[in-house]
Structures are given as C-alpha cells and as structure tokens.
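Novice: Build the full structure now, drawing on both the sequences and the hints.
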Amino acid sequence: MKSAWAFAFANLRRNRKRNLATVAAIAFGYAGLVLLGGYAVRIERFLKANAVFIQHANHVAVWVQGGLDNAAAEPDKYQFDKAQTDTILAWAKGDKRVERATRYLRGFGMAGNACATRPANLLGIDPQEHAALLQHPELLEASPELARPAQGQWAYQVKDAPRGVALAAGLQKVLQKPKVFDEVRGRPPAPTVLDCDTPKAVEQLAADADIQIVGQTYDGTLNAVDGQMVASFHAAEPIAEDTAMIVPLASLQTLYATERITYVGLLLHDSADAGQVALDLKAALAAKDMKTDTYTYADQTWAPYYVGTMAFLGSMVGFITMLVTAVLVFTVAGAMTLAILERLREFGTWRALGFERGHVVGLLVRESLLVSLIGLAVGLAIGLCAAFAINSGGFRFSPPGVAGSIQLLITPAVWACAAQAMLLPPGIMVATWWVVRGQMRKKPVDLLNAATA
Amino acid sequence: MSEVLVDVQGVHKSFELGMTKVRALRGLDLQVQAGEFTAVVGASGSGKSTLLNLIGCLDEPDEGRIVLGGQDISHLDDAARCKLRNRKIGYIFQAFNLVPVLSVAENVELPLLLHDELSAQERGERVAQALVDVELTEFATQFPDRLSGGQRQRVAIARAQVTRPALVLADEPTANLDSETTAKLVDLMVDLNQKRGVTFLFSTHDEKLMGRVARVVRIRDGKVAAEAA
Ligand SMILES: Nc1ncnc2c1ncn2[C@@H]1O[C@H](COP(=O)(O)OP(=O)(O)OP(=O)(O)O)[C@@H](O)[C@H]1O
Ligand SMILES: [Mg+2]
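Residue numbers (my numbering), protein chains in the order written: chain A, 1 to 453; chain B, 1001 to 1229.
Note that these hints are calculated values from the structure, not bench results. Cβ atoms here follow ideal geometry from the backbone N, Cα and C, with glycine treated the same way.
Coverage of chain B stretches by chain A, computed from C-beta distances (three or more under 8 Å per stretch; other residues unrestricted):
#1 1055-1062
#2 1070-1082
#3 1099-1108
Below, in silico cross-link-like pairs of lysine to any residue (SDA-like), each with a Cα-Cα straight-line distance of 20 Å or less:
#4 A:Lys-2 - B:Thr-1137
#5 A:Lys-443 - A:Leu-344
#6 A:Lys-2 - B:Phe-1143
#7 A:Lys-442 - B:Gly-1018
#8 B:Lys-1021 - A:Asn-449
#9 A:Lys-2 - B:Leu-1102
#10 A:Lys-442 - B:Ala-1080
#11 A:Lys-2 - B:Arg-1126
#12 B:Lys-1088 - B:Asp-1116
#13 A:Lys-2 - B:Leu-1114
#14 B:Lys-1083 - A:Arg-357
#15 A:Lys-442 - B:Asp-1077
#16 A:Lys-442 - B:Leu-1017
#17 A:Lys-442 - B:Ala-1079
#18 A:Lys-443 - B:Ser-1074
#19 A:Lys-442 - B:Asp-1059
#20 A:Lys-82 - A:Ala-284
#21 A:Lys-2 - B:Ser-1103
#22 A:Lys-443 - B:Ala-1095
#23 A:Lys-2 - B:Phe-1139
#24 A:Lys-2 - B:Pro-1144
#25 A:Lys-443 - B:Leu-1017
#26 A:Lys-2 - B:Pro-1100
#27 A:Lys-442 - B:Leu-1084
Cβ pair distances, simulated, as ranges:
#28 A:Lys-17 - B:Arg-1215: 48 to 58 Å
#29 A:Ala-377 - B:Asp-1191: 47 to 57 Å
#30 A:Lys-17 - B:Glu-1003: 46 to 56 Å
#31 B:Glu-1003 - A:Ala-377: 56 to 66 Å
Specialist: Shown next as structure tokens:
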C-alpha cells in the first residue's frame, strides 16, 4: 500500500494544472519574500557595519555615568581620566570576548582656514586605532565602500602628515579647501597673510590643505592646533555633513590640554555577546568604584539610526511577509475548496468504507501541506537564483553617508528564509482543515450523491 | 434454518426538497435472511436507494428501527457507524467509485487498512484471494482508468467482500454496464453468494435480472408492495 504521503502526492497529480498554478503562486510569493528578506539582511549588515565601525558605536561603548548627556558641558567631570582609561583597557585586554578597544575623545571647536572659522564637532581617535576599524574584515565584507573616504586618504595612510584630519564634505566646502594634502604636497605655501576679502582668496585658500582648530582647554583658556586635511568624507546626517571632523586623538587632547577621553568602544569577536559584555564590564568597573554607563550597538540611545531603521525595516518586512502569507493561504484555501468539491463523491466512498471524518481531513491537510512545501522549495530555488542574478548584475545605488554608490546585494540568510516560510504551512493546514471540515460534516450519503466530478 | 440478518421495522424517511417534503419511505418493513440474495425493484423514485442507504448506515431513518445482525443501527454515533460500515457492510456503487490514484490491489485493500488486527501480509493474502474471486489477479497493479466498466465493477465487488462483511449492498450495480457485462456480473455475485455465503441486497431497474434472483422485493410509494420468489 502507498504511504499516506505518496497517496497525497498521487492526488496532487490528478489536477496537475491547478496544483501547478497553486505551487507557482506559492513559489513566486515566497521567492519575493526570500528576496525581500535577503535585501533586509543585507541592509542590516550594511547599517550595522556603518554604526559599529563608521559611526564609531562599536559593539559596546563605555561612558562615565551620565556622560552621554553631560560630557559636552562638563568634560572634566564626565570623562575618563588616564587611570580610569587604563583600567578599562586592561579589563578589555583580559576578556576573551573582546577583540579590541578604541579610545575616543569628543568635543567642540572652531575649524578655520586663516580667513574664516566654522563650528566643528570634533572626534578624536588615534590614527592607528582608526586604521584597525577601517580595515576590519566585517566592515570590508559588509561594504568596502563605507571604509573609503570621499576624497584623499585617511590619516594613518599619509605618513608625512603628522596631524592629518578628515573633514566632512560640507565643512570642507565652506572652508574652501577643495584639495587634500596629497594633492597639494610640495606646492609653494600660501602667503602667511591672505587677501581674505578679495577674489584672490579663493586661489590662496585652495593652495594648501592646512586647517586650524581652535578650542577651549578644560580650564577655560583659548587654544589652537594645526592640522592637515588628508581626507574628506560623507556623514550620515545632513547636520554632521557641515560640522563633523576627525582629528588624531593626541591633537585633540593637546587642544583641550587634557589626558581625558570621552568613551571607550569595544569590538567583540561575536557581536551577539554585546549585551553580556556590557553588563560584565559595568559590573567589573563598579567593583573598582567607577560608575559607568555601557551601551551596545543595539541600544536605541547609543545607535539610534541603526536601531530605528532596523525597527522600521523589520516591521515592514514582517508586515509584507504576513500579507503575502495571508494571500497565499487564501489562494491555497480557494484551490483546496475546488479540489474538495470535485472529490466529494470520493470522500463519500472513503466514509462508506468506514473511514472517519478526521481521516479524510488528514488526507487533504497532507495534500495541501505537500503543495505548500513543494511551493516553498521551488520558491526558495527561484529566490536564490534571482538573488544570484541580481548580485551578478552589479546594480548600484547611493545610500546616505557613503561616498559614491554601493552595489545592490541580496544576501538571503537561512534564519530569515526559515522565519518567512514558517507561517505558511501551518496557515495552509489550518485553512484546508477549515474548508474540509465544513464539507465533511455532511452525511456520507450526501457526499456520495454530490453532483460533482 | 436461517437467521434474520436485516430487520427493517416501520421505517419512515422524508427529504426537504425546497418548499415541499418528499416522503421517500412511508413505514417500510423488510426482513433479509443471512445468506439470501435479494433484489429490490421499483419505479424510479420509489425509494430503493433511500432504503439501501439506511440499511447501509449512510443515512438515518426519521422513524422506525433498523436492526442489523441483532444490533439496532438506527441511531449510532459517527465512530460506531464507521466501524459498522467497515466491518459488517460492503458497498457496490452504480458508478464503481474506485479511487483513481490507487491501483486495483490498493483499491481492494482500502477497507482492510482499518483492520488493525491484520498484518500487512494477511491483508495481502486477503486482497489476492478477493482478486482471484473476481478473476482480476493479473490486473492487480493496473489503475482503474485502464479497466473496462465491467472490470471496474468487479474490483468494486472484490473491495466490497474483502472484509468478509455480513451484508453486501449494491445500488443499481449494473446500470452503467451493457447487458452482456451485466449478465456476467450478476453471475459473479450469485456465485459469491453460493460459494461464500455472502448476503447480497441490491436494487435494479433491469427486469431481465429478476429471473436470476432468488428473491425480488418490489417497492411502491415507499412501502414494500409485493414479493416474488
Ligand atoms: N437527498 C435527497 N434530497 C431530496 N430528495 C431526495 C433525496 N434523496 C431522495 N430523494 C427523493 O426521495 C424519493 C426516493 O428516492 P430514491 O433515490 O430512493 O428512489 P429510487 O427508487 O432509488 O429511484 P431511482 O430508481 O431513480 O434510483 C425521490 O422522490 C427522490 O426525489
Ligand atoms: Mg436509486
């Protein structure tokens, strides 16, 4: 005797056209979901890499308690001193989950070009530590484009610019420095005093890549450091585009006459550990009388752009998945209704031979489950092929915060494909059960006399 | 001496047909002895199918009692009806009602799948024997759509008696067959009745058949009108 599954499969071949249509509907619907999910997974990787490596959220960040709100106003009180920084770095070194630690100093200042100054948001990071972030395999895999500046080279790549700074493209523009250090190297310097209010100024400003940074030390005296603009970059937000500037940590500490830093970012071997590392680090520091706040890259307050976008994208994908699933469930329910109506007399025969209602319902639920599984398998194949084709096609687009365009990639993930497929078989089984059950309430004699088939 | 296998006592059955009520059976009485070969005849609409469906536990009477092998089957729950249909009754339908995706042997085996007491091997032996009885052994692996009408109905006969039921019901089993095939089929049923003692109760329109049948029950207006032996 055939197994129940073989029987279900044989029945599917009876009305080949309709079942093919049903399988096709499921396959194309699911293929669409696979692509959508693959796109979302890709965007997630991209945004995460952007947040962790480019926006310097890292996997875990540790601040002085309250620092996120107050460090700008009271840097002395809300930033780590040298001893505290060393304590954190030592802990990070001793923890196997931590790949590396990076020190950051944040502050305000004025960026000047000898004629005019502009307010600037300064991020101090050691060029070598910055290099490690920018060359990180996870970043390069997610999007090598993110790691590249819009113009020039990062400070660590320019050996003869000891105080290489990078300006956001908007700031670069208002400071009238169209050429980076590499492009003006060896040229005669601009005169010490520029003809600022004359048309000559444009040319004079463009002749070098020198930037002055003016700021206030923590005890209130005005101070300035020089920098060479080695690179410009695009910031993620419009405001940052006109103010953001990356400065070597040492230069910024000189400007503020401090050894303090604002926060330490930790990169982990496995970002899934972030939550636990954040807790452990906070506890370990508390034991040494350091009150801190720790954040992970998945923290709304710490990486709002990433977290907010993913929440939105996640609910979009979830909603569309539900919608497609619902449509497919109704499609299959419709096809099953027809199939059942055509076969009432057969079901009457089963009943006459002594099979109970549940038995017949089970047969049909099996059939519809089989249809949905075949449809899902075909859909997965179509989706993966389409993803491959799209990825080979080399389509490009320009998301915010990226110099130039990045390639449109679809990277389906097993967990996403599984999650999107998960609802369909149960939905279809329930729909079939519901449709069949109504018909099977009929008496056997009415099934046998049904005017169909 | 014979025992009463089927005892139909004062059975009424009506159907709602739109606004009107069709009284198909109006106090029908009938007894069938074990081992009998009985034909039910009557004009179209006289209630033959209705009667067979009630005896076959495919429907329930409005009034009256039906006793099958000493058990009142008029009002049973679904599970009990299923069990009864599977164990006690075999059915032969006018349109054969074979399952198209199952082979001849699989069709015959179908009701035995509910017999947990039988091993697969025992089921196979029963199926083989049933196919020998209807002379279809060499068609065991064929599918129904490859068979003629007469062959299909023989498969149905094999399926109906493979469970060794007390009673085989056949509602116009020959209506879809030509006269030659019909004659052979009736011979086969008579043969099974005599060799294996299977009790047959079947309905027919065909006057020619009646001569070959031991007992003919005529129904008119939902009642037994006359009986010829
Ligand atoms: N499900 C039903 N719904 C409505 N009326 C029905 C139903 N089944 C039978 N009837 C009616 O009951 C009466 C008896 O029908 P039945 O089918 O038993 O007659 P029959 O003797 O088998 O006729 P035929 O020789 O044409 O098969 C008929 O008038 C028929 O219209
Ligand atoms: Mg009839």
